[in-house]
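Participant: So you can see what is in the structure, the chains are spelled out below.
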Amino acid sequence: MGAALDRLLGWLDLGGIAVFAASGALVASRKRLDPVGFVLVAAITGFGGGTVRDLLLGRTPVFWLAAPELVGLCAAVGLAGYFAAHLIESRFRALLWADAAGLALYAVVGAEIALAAGADPWAAVLLGTVTATFGGILRDVVCQELPLILRREIYATAAAAGAAGFVALRLGLPALPREAAFAAG
Amino acid sequence: MGAALDRLLGWLDLGGIAVFAASGALVASRKRLDPVGFVLVAAITGFGGGTVRDLLLGRTPVFWLAAPELVGLCAAVGLAGYFAAHLIESRFRALLWADAAGLALYAVVGAEIALAAGADPWAAVLLGTVTATFGGILRDVVCQELPLILRREIYATAAAAGAAGFVALRLGLPALPREAAFAAG
Amino acid sequence: MGAALDRLLGWLDLGGIAVFAASGALVASRKRLDPVGFVLVAAITGFGGGTVRDLLLGRTPVFWLAAPELVGLCAAVGLAGYFAAHLIESRFRALLWADAAGLALYAVVGAEIALAAGADPWAAVLLGTVTATFGGILRDVVCQELPLILRREIYATAAAAGAAGFVALRLGLPALPREAAFAAG
Chain A
4 MGAALDRLLG WLDLGGIAVF AASGALVASR KRLDPVGFVL VAAITGFGGG TVRDLLLGRT
64 PVFWLAAPEL VGLCAAVGLA GYFAAHLIES RFRALLWADA AGLALYAVVG AEIALAAGAD
124 PWAAVLLGTV TATFGGILRD VVCQELPLIL RREIYATAAA AGAAGFVALR LGLPALPREA
184 AFAAG
Chain B
4 MGAALDRLLG WLDLGGIAVF AASGALVASR KRLDPVGFVL VAAITGFGGG TVRDLLLGRT
64 PVFWLAAPEL VGLCAAVGLA GYFAAHLIES RFRALLWADA AGLALYAVVG AEIALAAGAD
124 PWAAVLLGTV TATFGGILRD VVCQELPLIL RREIYATAAA AGAAGFVALR LGLPALPREA
184 AFAAG
Chain C
4 MGAALDRLLG WLDLGGIAVF AASGALVASR KRLDPVGFVL VAAITGFGGG TVRDLLLGRT
64 PVFWLAAPEL VGLCAAVGLA GYFAAHLIES RFRALLWADA AGLALYAVVG AEIALAAGAD
124 PWAAVLLGTV TATFGGILRD VVCQELPLIL RREIYATAAA AGAAGFVALR LGLPALPREA
184 AFAAG
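Protein chains in written order, with the working numbering: chain A, 4 to 188; chain B, 4 to 188; chain C, 4 to 188.
By construction, these hints were calculated from the structure, which means they are not laboratory data. It is possible that part of the hints are untrue.
No copy labels: a pair is met if it fits in one copy or bridges any two.
No more than 20 Å apart at the CA atoms, straight line, and that leaves these computed lysine to any residue pairs for SDA-like [to be verified]:
no., residue 1, residue 2
1, Lys34, Ala88
2, Lys34, Ala87
3, Lys34, Glu148
4, Lys34, Arg154
5, Lys34, Leu149
6, Lys34, Phe66
7, Lys34, Thr160
8, Lys34, Leu151
9, Lys34, Gln147
10, Lys34, Leu118
11, Lys34, Leu17
12, Lys34, Ala83
13, Lys34, Trp14
14, Lys34, Arg94
15, Lys34, Pro71
16, Lys34, Leu11
17, Lys34, Gly75
18, Lys34, Ser93
19, Lys34, Leu8
20, Lys34, Gly121
21, Lys34, Leu174
22, Lys34, Phe86
23, Lys34, Leu82
Everything numeric in this text was worked out from a predicted model, so none of it was measured.
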């Protein structure tokens with residue numbers, strides 16, 4: 004059961020990195036960058052939130068230094084964005100969707116990792132929110148845009164609510180199998 | 004005696020976080036953000052300098068992950084700022100005052116924490132300056148403004164001088180009670 | 004032999020910090036900052052890449068907290084920039100050269116430090132690239148410019164290629180003396 008949840012979390016993590024990397028490629032496209040710029044911004048967005056979370060917790064070396072497949076994923080998404088982003092009709096709408104999907108996935112993954120690292124429940128909620136929001140903040144800061152999260156606050160609220168719900172179910176209902184808590188979070 | 008100083012430092016720390024959070028709320032007000040944006044920018048400003056200091060020293064998990072009352076303080080100041088900031092006549096002047104007060108408090112607190120963590124005196128002065136200045140730098144970078152510290156350099160000089168004076172008195176005059184050194188720093 | 008290489012790496016490190024600090028002073032000059040602003044931006048640029056590398060690896064306290072001579076070097080370069088930068092005919096061209104020289108030096112130094120810290124070869128290439136690029140990224144973010152690295156992507160490519168070449172020679176040709184690998188990297 005626990006192994007199944009871990010595998011699911013691993014896939015969610017992968018999904019979160021991929022959609023955040025895609026959101027980075029969309030902003031790179033707005034800025035008309037070259038391929039290397041796409042890959043850099045995709046990597047900063049995809050890894051940013053998790054890197055800040057790991058640094059705050061003291062989990063070093065940070066996760067992607069032991070995960071070449073994640074680095075390859077970010078690079079591939081960045082390059083794909085370079086060749087495909089201009090085909091998307093409404094890039095800003097796509098960016099909003101990618102950001103929302105990434106936030107939802109990362110809030111849960113971040114909270115779970117914080118709990119596993121021994122953080123208090125409220126701190127896990129906070130770290131879930133940080134994991135979910137800082138990739139986008141770093142992306143926008145590096146690309147010289149006012150962070151999307153400050154313009155569309157519903158996202159931060161959603162991330163915090165998702166992380167809180169997950170932590171509450173994970174800890175408050177120990178009789179439930181972990182999978183049920185996870186599905187609800 | 005030592006306990007009294009520690010308690011005083013605790014209050015100074017609280018004061019520094021509160022005025023920096025207030026300065027964050029003032030910038031959020033300039034940017035016409037929503038309540039969540041106020042809280043985010045207040046937290047980034049209030050915790051930014053101390054977080055960078057803890058990361059540079061390797062003191063992880065960082066301090067606010069063990070201090071729910073500080074997180075609540077930042078959130079409360081951010082929300083209060085949302086409802087009250089527009090009532091202030093000259094918000095830029097208020098920002099300058101909040102920044103100056105925060106710098107003074109944080110330069111001393113940061114230097115003391117660095118000394119306690121075993122840093123050399125000159126490194127403690129540097130870390131006091133970093134603690135005092137990076138909250139405001141992060142606030143301005145996230146809000147897409149040229150950092151105030153680069154426009155009003157007197158602040159950085161004051162922070163460095165305050166940290167240096169505190170460290171000099173703390174170490175150079177071991178015969179003095181710690182409180183006297185502190186009062187002068 | 005090893006000692007000679009270490010000494011050479013120490014000099015390269017010093018050179019990388021100096022040229023990055025100079026690039027920071029050049030941007031400070033574009034922004035018409037005061038002397039303290041020059042020193043701050045020079046220090047952020049000179050120490051930024053190596054600080055991010057150390058944080059990602061968990062090598063704390065970060066390197067410059069044990070190296071007063073490097074702090075002095077950054078301050079001196081920043082102040083020299085304040086008095087001399089306006090004498091340079093084409094400051095943007097000088098900035099490009101300083102950035103390119105810093106990237107080359109730092110990609111190799113960063114990769115070597117990552118290898119010494121036990122990083123995998125591909126991670127060492129990545130960390131060399133991060134060390135080489137993040138000083139400039141932080142400089143431009145703090146000074147509110149779109150990062151140079153996103154506008155002139157050849158630099159990131161060169162840094163990654165340099166770090167990869169160095170790591171390949173350092174590990175792939177164990178029969179060669181370390182100095183030869185180094186000279187080729």
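Participant: State for each hint whether it applies.
Facilitator: Against the structure, the hints come out as follows:
For the identical chains of this complex, Lys34 and Ala88 are intra-copy neighbours only, at 12 Å inside a copy versus 30 Å across copies, given an alpha-carbon limit of 20 Å. In this homomeric assembly, Lys34 and Ala87 come within 20 Å of each other (Cα to Cα) only inside a single copy, at 15 Å, whereas the closest approach across copies is 34 Å. In this homomeric assembly, Lys34 and Glu148 come within 20 Å of each other (Cα to Cα) both inside a single copy, at 10 Å, and across copies, at 13 Å. Within a single copy, Lys34 and Arg154 get their C-alpha atoms as close as 19 Å, and across copies as close as 10 Å, so both meet the 20 Å cut-off.
Taking identical chains as interchangeable, the C-alpha atoms of Lys34 and Leu149 lie at most 20 Å apart whether they share a chain (14 Å) or sit on different chains (10 Å). Taking identical chains as interchangeable, the C-alpha atoms of Lys34 and Phe66 are never at most 20 Å apart, the minima being 29 Å within one chain and 35 Å between chains. For the homomeric pair Lys34 and Thr160, the shortest alpha-carbon distance between copies (19 Å) is at most 20 Å, but the shortest distance inside one copy (28 Å) is not. In this homomeric assembly, Lys34 and Leu151 come within 20 Å of each other (Cα to Cα) both inside a single copy, at 15 Å, and across copies, at 13 Å.
In this assembly of identical chains, the alpha carbons of Lys34 and Gln147 lie at most 20 Å apart whether taken from the same copy (9 Å) or from different copies (15 Å). Neither within a single protomer nor between protomers do Lys34 and Leu118 lie at most 20 Å apart by alpha-carbon distance, with minima of 38 Å and 35 Å respectively. With identical chains, the CA atoms of Lys34 and Leu17 are never at most 20 Å apart, being 26 Å at best within one copy and 34 Å at best between copies. For a Cα distance limit of 20 Å, the shortest separation of Lys34 from Ala83 inside one copy, 16 Å, qualifies, whereas the shortest one across copies, 35 Å, does not.
In this assembly of identical chains, Lys34 and Trp14 lie within 20 Å of each other by CA distance neither inside one copy nor across copies; the values are 30 Å within and 37 Å between. For a Cα distance limit of 20 Å, the shortest separation of Lys34 from Arg94 inside one copy, 12 Å, qualifies, whereas the shortest one across copies, 24 Å, does not. Taking the shortest Cα distances, Lys34 and Pro71 never come within 20 Å of each other, neither inside one copy (28 Å) nor across copies (39 Å). For the homomeric pair Lys34 and Leu11, neither the shortest alpha-carbon distance inside one copy (35 Å) nor that between copies (40 Å) is at most 20 Å.
Proximity of Lys34 to Gly75 under the C-alpha cut-off of 20 Å is found in neither arrangement, the shortest distances being 23 Å within a copy and 38 Å between copies. Proximity of Lys34 and Ser93 under a CA criterion of 20 Å is satisfied intra-copy only: 15 Å inside one chain copy versus 26 Å between copies. With identical chains, the CA atoms of Lys34 and Leu8 are never at most 20 Å apart, being 39 Å at best within one copy and 42 Å at best between copies. In this assembly of identical chains, Lys34 and Gly121 lie within 20 Å of each other by CA distance neither inside one copy nor across copies; the values are 40 Å within and 37 Å between.
Within a single copy, Lys34 and Leu174 get their C-alpha atoms no closer than 44 Å, and across copies no closer than 38 Å, so neither meets the 20 Å cut-off. Proximity of Lys34 to Phe86 under the C-alpha cut-off of 20 Å is restricted to the intra-copy arrangement: shortest distance 14 Å within a copy versus 35 Å between copies. Proximity of Lys34 and Leu82 under a CA criterion of 20 Å is satisfied intra-copy only: 15 Å inside one chain copy versus 34 Å between copies.
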